[in-house]
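Construct the entire structure; sequences and hints are all you get.
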Amino acid sequence: MGRIRQQGPQPMIRDAANAAQAAKAGPAVSVRGVDMDFGAGPLAVADAGFDLARGRFLTILGPSGSGKTTLLRMIAGFQTPTRGEIFINGEPVSKVAPHQRAIGMVFQKLALFPHLTAAQNVAFPLKMRRFDARGIPARVEQFLDLVRLGGLGGRRIHELSGGQQQRVAIARALVFQPDLLLLDEPLAALDRKLREEMQLEFRRIQRELGVTTINVTHDQREALVMSDEVIVMEAGRIQQNARPVDLYRDPANAFVANFIGVTSFLPGRVAPGGLECGGILCPGTPRQALAAGTPARGAIRAEQIRMAADGAALAGLDFRLQGQVRDAIFEGERQLYEVVLPALGGIAVQVYHHDASDFALTAPGQTVTVGWNRRDMILFPAAVP
Amino acid sequence: MRPSRAEYPYRWRLMDRLEAAADRLFPRRWSRWTGWLMLAPALLLVAVLLIGLVQIADASLHTLDRKTFRTSAAYSLDNYRAALDQGVYLAVLWRSVLGAAIVTLLTLLLAFPYGYVMVRTRSSNLRKLLLIALFLPFFIGQVVRAYGWLIILGNGGLVNDLLGLVGVPPQRLLFNYPAVLFGLVQYMLPFAVLMLAPALTAIPEETEAAAGSLGANWLRTLWHVVLPMARPGLVGAGLVVVSLTLTDFAMPAILGGGGQDFIANAIYDQFFRTSDQGLGAALTLLLVGIGSLVVGAVFTAFGAGTLAMGRART
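Protein chains in written order, with this note's numbering: chain A, 6 to 390; chain B, 91 to 404.
None of these hints come from the bench; they were simulated from the model.
Each hint should be verified, as a subset may be incorrect.
Derived EDC-like pairs (lysine to aspartate or glutamate); straight-line CA-CA distance at most 16 Å [said to hold, decoys possible]:
id, chain 1, residue 1, chain 2, residue 2
1, A, K132, A, E146
2, A, K114, B, E296
3, A, K114, B, E298
4, A, K114, A, D196
5, B, K157, B, D366
6, A, K114, B, E295
7, A, K100, A, E90
Laid out in structure tokens, this is it:
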């Protein structure tokens, strides 16, 4: 890694060596109070703010229209924030054109140059950024090796498979050693097997080079698998910024709880020790302090609910309840049940069950017992109507 | 139950009737010939054209006897010799070829930014304006347009009036080579833009953004990315403009005032003024030959561009 850092002139933003040294201490990327107003409707991005430390992998996760791509495009320099400022290595960049930022970007449709070979695509940023021409072939070869495309440099883009094209796009975005790598949903178009392979591949390359990376996706699995940190966005606002594990275990609000994983919600009121729902106290823990009697929703994940035909099997749980299986969906590695709970006013919860030997036992219509522990249901204040 | 109109629109019913009628006229078991049947009219046209070309080739091999005004019975190459020996025809040939080259170059230079803005602009009003400005000249024939330039560029025309206002004496703007080339460029521009636009549309904006993020300013993006990717369109547009210019008649005739003839004008004179069919036919074949050579050379050097349709995708 250190070996290649020494070749060629440095990208423009890093021209002053001591400025770069000073910046090393601060975050690699810093977004402060950024708004984006497209004129019509609500703000596309509202009051976005976060810091990203050097070498970290951040994923911005959100449904389509949540403003995640707009935020990424502002960091890349294709759009200028209506309000607020973005700092890269401590420098404000709003007035810096994309081609003057030291940012590598992998685009959604890759945007490879079809009239050039794989190697020429990778050499393109080096030529545009006026690297020493004598060093270019070696550098290109090195990065083609890094993405495991050694020997395929002479191929035209259309002679490469989808996965190989992805690799060319990664090499092209990284070869000039940018301060920051941006990924604009480049994996969205791949089939599942290849996508999962490339997720690990991105992760490997990112760790190997230690480049600060921001990835944008709507795929929660991708966000959890690849990232050091995840930001969840919805309706232009950042909902939560946390490590993947914390995001999953401790969602900040009902939106995040619902967006990640398969979650059931029980409506009711806060009561000591849990949620009062249909006259029954369901054990749960509030995310933040909530006064008793406050309208609330209890969120519980499908894999935290236990289920058995015989209630005695669930004796150790904090809470047990009878229900009736309404639907059973076979998902291969597990089975997803929809269980109606008459005692709670006929609410249905979703339950994952992994024990393959039980599949035959629980067919739709069957009566079962479900149950969970207090810590597994999180209470959120009910959305204001 | 009779299906309602919403479920089974009239258009489908009409198609059913037409299909039934077509089935009676051209039974389904002949369907392997349907393609050829549809090609037949076009093939017929090309065949007629080929027959005409053979007849012209035949005519070009008989010389005209100036005393009797009858064509010789014997075959000879005298007409070609005449066409290539006399300086006047060589000058006309050279003027046409050079003109085609200059006009093509200028037209592509002007059509590229026009097409690019038309394809890329975010303002639908600007796009509409550019499209209307492009199509309007199509409704005005070439002759009328050339005549319009006569009025504007004439000695007492608009341009000389304006020059007079700033104290410039009247200029002779018409009946010279630049006037002919100017008229031709103006005439060819819409063809070139229309040939270029699809190729420019096919370049994703993301690709240009990518070039920017990789460190290319707009000029280098244009040179290294947009122009190479637009090559099929440039080749297609260039071929159309070259062949239309090389064979143009009206612009040299009207804006050249008889002193700036292209090959087509010389051919016209042989057929309809001096009635020397043989020489006219020889010039015609020379024109066909030169045109084919130019197109062939471009094909070999750059590929067939958009004219290759689905084939050569490189």
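Here is what the structure says about each hint:
1. For the given pair, K132(A) sits about 15 Å from E146(A) by alpha-carbon distance, which is consistent with the 16 Å threshold.
2. Distance check on the hinted pair: K114(A) and E296(B) sit about 8 Å apart at the alpha-carbon level, within 16 Å; holds.
3. Taking the CA atoms of K114(A) and E298(B), the gap is about 12 Å. The hint holds against a cut of 16 Å.
4. Restraint check: the Cα-Cα separation between K114(A) and D196(A) comes to about 14 Å, which is no more than 16 Å; the hinted pair holds.
5. For the suggested pair K157(B) and D366(B), the alpha carbons sit about 12 Å apart, so the restraint of at most 16 Å is met.
6. Under the criterion of a C-alpha separation no larger than 16 Å, the hint pairing K114(A) with E295(B) is consistent with the structure, at around 11 Å.
7. At roughly 10 Å between alpha-carbon atoms, K100(A) and E90(A) fall within 16 Å of each other, so this suggested pair holds.
Every hint, counting from the list given before, is met by this structure.
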